[in-house]
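**Student:** All chains, please: the whole structure from these sequences, using the hints.
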Amino acid sequence: MARSFRDLFPSGKPIIAMAHVPPLPGTPLYDERRGVDGLVDSVRTDLRVLLEWVEREEAQGEGEAPYPPNFPKMPGEPKRVQPSRAKKKSDKA
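Counting along the sequence shown from 1, when you hit position 57 you're at 37 in our numbering, and nothing is skipped either side.
Take the hints with a grain of salt, since some may be wrong.
The calculated DSSO-like cross-link candidates involving lysine-lysine, where the alpha carbons are at most 30 Å apart (straight line), are [said to hold, decoys possible]: (1) 67 / 53; (2) 68 / -7; (3) 68 / 53; (4) 53 / -7.
The set of hints was computed from the structure by calculation and includes no laboratory data.
**Tutor:** So this is what it looks like as structure tokens:
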């Protein structure tokens, strides 16, 4: 049964991130000495750093992202849209 976003993340403001996972078992660069526990520790460390950054930025009063749309467009700044989605001047109604 599919669960809704709100069921999975009841807080309403989850932090969703992509974690770097070191080489897995069976791949050439896998570290057999550290094993799977080493993989888990590496991912935990990366996520811990991410959470520290988020907490620091929230404490400093930064928005959710230090880039648009949280900051106003500056003079001379190009369009903030993919060129293929940009409306031509003649498209304005």
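**Student:** Next step is simple, just say for each hint if it's right about the structure.
**Tutor:** Here's how the hints hold up against the structure:
no.: 1; hint: 67 / 53; result: holds (18 Å)
no.: 2; hint: 68 / -7; result: violated (36 Å)
no.: 3; hint: 68 / 53; result: holds (19 Å)
no.: 4; hint: 53 / -7; result: holds (26 Å)
Of the numbered hints stated above, the single one contradicted by the structure is hint 2.
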